[in-house]
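Sequence order for the protein chains is A and B. Counting from 262, one number per residue, gives the positions in the first sequence under our numbering. Counting from 262, one number per residue, gives the positions in the second sequence under our numbering.
I should point out that these hints are in silico values taken from the structure, not numbers from a laboratory. Some hints here could point you the wrong way.
[As the list claims (entries may be wrong)] Below, in silico cross-link-like pairs of lysine to aspartate or glutamate (EDC-like), each with a Cα-Cα straight-line distance of 16 Å or less:
1) A/Lys395 x B/Asp316
2) B/Lys494 x B/Asp570
3) B/Lys594 x B/Glu415
4) A/Lys265 x B/Glu575
5) B/Lys494 x B/Asp364
6) B/Lys395 x A/Asp316
7) B/Lys527 x B/Asp570
8) B/Lys437 x B/Asp316
9) A/Lys437 x A/Asp316
10) B/Lys395 x A/Asp394
11) B/Lys498 x B/Asp394
12) B/Lys494 x B/Glu405
13) B/Lys265 x A/Asp394
14) B/Lys371 x A/Glu315
15) A/Lys265 x B/Asp394
16) B/Lys494 x B/Glu590
17) A/Lys395 x B/Asp394
18) B/Lys499 x B/Asp364
19) B/Lys265 x A/Asp364
20) A/Lys395 x B/Glu315
21) B/Lys499 x B/Glu575
22) A/Lys371 x B/Glu278
23) B/Lys374 x A/Glu315
24) B/Lys441 x B/Asp549
25) A/Lys374 x B/Glu278
26) B/Lys395 x A/Glu315
27) A/Lys395 x A/Asp316
[Stated by the list, open to error] Which chain A residues face chain B? A few, computed with CB under 8 Å, are given here:
28) Met262
29) Ile264
30) Gln300
31) Ile317
32) Leu321
33) Lys322
34) Pro325
35) Ser354
36) Ser360
37) Thr363
38) Ser390
39) Ser391
40) Thr401
Note that the structure is predicted; figures quoted are calculated from it, not measured. Every residue, glycine too, gets a C-beta built ideally from N, C-alpha and C.
There are 2 protein chains.
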Amino acid sequence: MQIKELGELALIKRLAEQFAASHPRVIKGIGDDASVTIQDESTYLLCTTDTLVEDIHFSLKYTPSYNLGRKAVSISLSDIAAMGGTPTFLLASIILPVSTTTDFVNLLYKGIKERAEEFDVKLIGGNTSSSPDKIIISTTMLGEVSKDRVVLREGASVGDNIYVTGRLGDSALGMKILNKIQESEVRPRMHLSGVGSQKPEKKKGNEIITAPFLKDAVTAHIDPCPRVREGRKIAEKKLATAMIDVSDGLISDLRHIAEQSAVGAKVWVEKIPISTGLKRWILDHPQDIMLALNGGEDYELLFTASNKDVPKLETVSRELDIAITHIGEIVPKRNGINVLNKKGEVLNLTIEGFEHFKERQE
Amino acid sequence: MQIKELGELALIKRLAEQFAASHPRVIKGIGDDASVTIQDESTYLLCTTDTLVEDIHFSLKYTPSYNLGRKAVSISLSDIAAMGGTPTFLLASIILPVSTTTDFVNLLYKGIKERAEEFDVKLIGGNTSSSPDKIIISTTMLGEVSKDRVVLREGASVGDNIYVTGRLGDSALGMKILNKIQESEVRPRMHLSGVGSQKPEKKKGNEIITAPFLKDAVTAHIDPCPRVREGRKIAEKKLATAMIDVSDGLISDLRHIAEQSAVGAKVWVEKIPISTGLKRWILDHPQDIMLALNGGEDYELLFTASNKDVPKLETVSRELDIAITHIGEIVPKRNGINVLNKKGEVLNLTIEGFEHFKERQE
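My request is simple: use the sequences and hints to build the entire structure.
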């Protein structure tokens, strides 16, 4: 059997099962956004590691090195945010082909440095090495959280409301647009081959993006903003019973909460917050509502909270100037995970959230 | 300019300079075996991250997946050992082509698990992802050390003795032998092509290794033993003024200590501890004494200590049943780093320690 038949979730589960040995200092090992271990009487240490591989997690065709650096830090910040924690220190392994230019490396570092500094995070280690071909960036983020404030994936109860910060689907739309730009840059040349000396008109990156809402979607993809302030505030006020960041896609990440909490969930599709841009896009591409359900890389926070805390959540939303939208409810495990339309009918979700190792549809 | 002209050291230095912003909780950032940050009143937190890339750091041609898992853990353990610390928790990112078999993955995990358990380390996190082609393993190891016991690279003083644990050069010899086996497996077929139906005699992996000492060298390469007990004992007894693990090669790593401590060093080549096997090998291949100087991946501890502590070091050596060899002395910075022969003549070291990004000689 090859691992493409097994899928990433099964692989992580297997890893978790093998290492499930308990230890008095381990509060949460594999299976959450970050590990949680006891640091001292009042504080938990959080640790998360992520690896970005060229042509799997990013494409240099449309990711400037500066943004690549920023994004590598952002995704790890997002994991700490999902625990309700405060990020503290960063280590970065950077693996580059020897043909990489120093300009590229400088801008990559600049991106890492600036994003880290925006969140008061210090780079304290890492290493560099040569790569046979692809660029690989591995980040390790440390963070801290008060013992009585940490939020795991496993605390959701039947009856809890399901919330999400910000808007979903813009990042996936942005990637779609960026891929379309690539195609449009290549295609004219192919069409025109054999037409003699006539040079194809090459459209440069951003020129094709005329509508401002498409620019916003592209920004959401190449420069996502981790919800660190939001996660910390939600944890400080003890509002979330379970929390995760939306990296794989809403449904996929909701499934993580449901599995860890041994519950089911229902989500109302028309309640899912999407940007004006994505709304406009959907007018011409109705099937792309799926981008909000399964697109992934939103780096918003998905969490569950008790109904009694609605007023407090409204206050947080106002104070931090961010949408916090009630999109569904936690139900008994036997009911499974369902997305309902306006009429209360269950939608058939054929495409699952992006899952590594399963062969792509494309 | 491409980074191959810059070299890894310059790249790390640049990174370190850019991030040299001080922080009250950062004792040591980039530029040591592990980062050192304040955990509580009496304890420092150690953190190190390493990334192994197929065909750069290992070859599947001669690294069984079980050993690959063990080695990925060992190199991070070795970094914690070099700080005098106790390793605690491990996170592992595993990036695999979708064509990888589950057998391979199972053995890889088995290797990670068993090596970690040998050192009382718990795997608490990580992630898995697909790779476009190469296998990539990224490990993050956490550890702890008492504030008054931590050993940095920067404490060496003029007059200190230079010591190394165990023997050097076996790992590099092992890699050389493994590469020779590969060649011998390929060559006969090439020589015999066109000889009709006569089938080449294919020698299998270990069969070519007849002398036991060559087997030891191969083991040193594919299953190095991190000196965790040794590092901790040396730190507990406050014997080392500076310490590093020998990963890049003796001279290269000695240079790290010298640079961080602002000193020079002299090493007596005939004092460098090498195995009986390497001694025998050198009879036929005299130039391969360089393997002990520049081979790298020994994962022994290189440290400096005051002359007054000779008796205590002898006790440690006896108690832990490991050779601790006096190989040189710290000298003023202006004298540089020199390797001397029996007559006291300075050897000309043309080949430097293995440094990533500089194009290989091969």
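Outcome of the hint check:
no., hint, verdict
1, A/Lys395 x B/Asp316, "12 Å, holds"
2, B/Lys494 x B/Asp570, "13 Å, holds"
3, B/Lys594 x B/Glu415, "13 Å, holds"
4, A/Lys265 x B/Glu575, "54 Å, violated"
5, B/Lys494 x B/Asp364, "38 Å, violated"
6, B/Lys395 x A/Asp316, "12 Å, holds"
7, B/Lys527 x B/Asp570, "19 Å, violated"
8, B/Lys437 x B/Asp316, "15 Å, holds"
9, A/Lys437 x A/Asp316, "15 Å, holds"
10, B/Lys395 x A/Asp394, "9 Å, holds"
11, B/Lys498 x B/Asp394, "47 Å, violated"
12, B/Lys494 x B/Glu405, "14 Å, holds"
13, B/Lys265 x A/Asp394, "14 Å, holds"
14, B/Lys371 x A/Glu315, "28 Å, violated"
15, A/Lys265 x B/Asp394, "14 Å, holds"
16, B/Lys494 x B/Glu590, "22 Å, violated"
17, A/Lys395 x B/Asp394, "9 Å, holds"
18, B/Lys499 x B/Asp364, "45 Å, violated"
19, B/Lys265 x A/Asp364, "13 Å, holds"
20, A/Lys395 x B/Glu315, "11 Å, holds"
21, B/Lys499 x B/Glu575, "14 Å, holds"
22, A/Lys371 x B/Glu278, "12 Å, holds"
23, B/Lys374 x A/Glu315, "28 Å, violated"
24, B/Lys441 x B/Asp549, "15 Å, holds"
25, A/Lys374 x B/Glu278, "11 Å, holds"
26, B/Lys395 x A/Glu315, "11 Å, holds"
27, A/Lys395 x A/Asp316, "8 Å, holds"
28, Met262, "5 Å, holds"
29, Ile264, "5 Å, holds"
30, Gln300, "6 Å, holds"
31, Ile317, "6 Å, holds"
32, Leu321, "13 Å, violated"
33, Lys322, "14 Å, violated"
34, Pro325, "18 Å, violated"
35, Ser354, "4 Å, holds"
36, Ser360, "6 Å, holds"
37, Thr363, "5 Å, holds"
38, Ser390, "5 Å, holds"
39, Ser391, "5 Å, holds"
40, Thr401, "4 Å, holds"
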